[in-house]
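Could you build the full structure based on these sequences and the hints that come with them?
Each protein sequence line maps, in turn, to chains Y and Z. The working numbering numbers the first residue of the first sequence as 37 and each following residue consecutively. The working numbering numbers the first residue of the second sequence as 21 and each following residue consecutively.
Mixed in with the good hints there might be a few duds.
[Stated by the list, open to error] Straight-line Cα separation of at most 30 Å, DSS-like style, residue types lysine-lysine; simulated pairs:
id	chain 1	residue 1	chain 2	residue 2
1	Y	LYS87	Z	LYS145
2	Y	LYS79	Z	LYS141
3	Y	LYS87	Z	LYS164
4	Z	LYS144	Y	LYS79
Calculated directly from the structure, the hints in this document are not laboratory data.
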Amino acid sequence: MLLRLLAVQGTWNYETMIGNGIGFCIEPALRLLPGGVHSPEFKAALARQSKYFNAHPYLASVAVGSLARVELDGEPPDRIERFRTALAGPLGSVGDRLIWAGWLPLCSFLSLAVFGLGGGAAAVLLTFIGSYNAAHLTLRVWGLRTGWNHGMHVAHALANPVLRRGPDVIAPLAAFAAGLGAPLALMRIIGPGRALLSLVIAGTGLGSLLIVRLQGRVEGWRLALGVLAALVLFSVAR
Amino acid sequence: MITGLLAVTLLGAVLGLDTVSFPQAMLSRPLVAATLGGTLLGSPLSGLLIGATLELIALETLPFGASRYPEWGSASVVGGALFASSPSPGPGAMTLALLAALATAWVGGWTMIKLRQRNAKWAKKSQSALDAGSRGAVIGLQLKGLTGDLVRGALLTAAAVAAFVPLNEASLALWTVDARVSRAVTVGVAMSVAVGAAWKLFHGSIAARFLFVAGLGLGFTVLVLR
Chain Y
37 MLLRLLAVQG
47 TWNYETMIGN
57 GIGFCIEPAL
67 RLLPGGVHSP
77 EFKAALARQS
87 KYFNAHPYLA
97 SVAVGSLARV
107 ELDGEPPDRI
117 ERFRTALAGP
127 LGSVGDRLIW
137 AGWLPLCSFL
147 SLAVFGLGGG
157 AAAVLLTFIG
167 SYNAAHLTLR
177 VWGLRTGWNH
187 GMHVAHALAN
197 PVLRRGPDVI
207 APLAAFAAGL
217 GAPLALMRII
227 GPGRALLSLV
237 IAGTGLGSLL
247 IVRLQGRVEG
257 WRLALGVLAA
267 LVLFSVAR
Chain Z
21 MITGLLAVTL
31 LGAVLGLDTV
41 SFPQAMLSRP
51 LVAATLGGTL
61 LGSPLSGLLI
71 GATLELIALE
81 TLPFGASRYP
91 EWGSASVVGG
101 ALFASSPSPG
111 PGAMTLALLA
121 ALATAWVGGW
131 TMIKLRQRNA
141 KWAKKSQSAL
151 DAGSRGAVIG
161 LQLKGLTGDL
171 VRGALLTAAA
181 VAAFVPLNEA
191 SLALWTVDAR
201 VSRAVTVGVA
211 MSVAVGAAWK
221 LFHGSIAARF
231 LFVAGLGLGF
241 TVLVLR
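Encoded structure:
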């Protein structure tokens, strides 16, 4: 089940989201139902678990563990369906804040700082992959175990301080890493452009202000694509 | 040449798969993917340089829920491989590799949307079997989605390499802007996106704003002392 969890988003789509992925992950546990894979209980449970579901992919492990448990405990189907619906919301928002808005930028900026301090390819990659995946894999394993151990009462476990307070602690740390990593990375990347450093810093100030002002209308990466395309055209065509 | 193209295509496919489908271990982040792309062509440091620049831009587009974002995995492999394969990294090599990676990421994002729509169609087609609790339908659908994503990444990477290698060579031969200016503009653009992204992520918290400024102070102090 843990290995299958790594592929929970394998059939992600805008209609059932990771629903089929949840069924795919729970399927090995459902084989333990009386009568095995050919029993009506197995088929009904698998059909129930493969319907629409949305959650953060890492915290989907909590859902997989607890839903497997309640199916094997023989809870009534309507109760399982209500429980399944109630699980989706919190597992999405907590995961987004904890991982996408916190842990990922923290690991990324820390690795950029290592790069800026002169770290080689191996050092930078080990810093990023090691730090990021230490939390990623721990979260998946913890989620599966917690879900399995608590079953229907998993909401209690979701009050875990890491999930509740983690985003509020990690975001400031990531902000510090961003402040530290950005200038260090800039100085290593800039190479021959170092002669124009003050202009680059002024340009960065103006550019970031523009991106913040245009938030919600144009994404920064699209502006970057436009500016670089203009530079290439100017350089090649003149 | 063929072996190099095959290796880059395979890497682009695997790292494209990592973006969402399997195992989402962030090996598809530009810092990792571009470095691996450069390493395949014998220059990990060139890949790392492009990877760090792309990472600054990619920090703006984090994979929240059903949001639509560029596909950085395959695109970064293309960027890293292009920069590493430039015969002598001339004045425009970094700008061109970065532009190729951004364009590939853009197209890659579109291909991910198409694959998600295709996944929905496949699911609809298997609806009666899924409703009947068919084990084969659930597993088959999942394997189909994973294979589709792998093939998507491979085709995207191969097409991008085939398009951008000759374009890159032709543009480098015609490049006229001074090396200092082109590098300064490229880095300035990437840094602007990164600072904008940091503001969007952290401006809501006073502690985060304070720590961002403290980090900046420490970063510049380290630079001055070195």
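Check each numbered hint against the structure and report the violated ones by number, ascending. none
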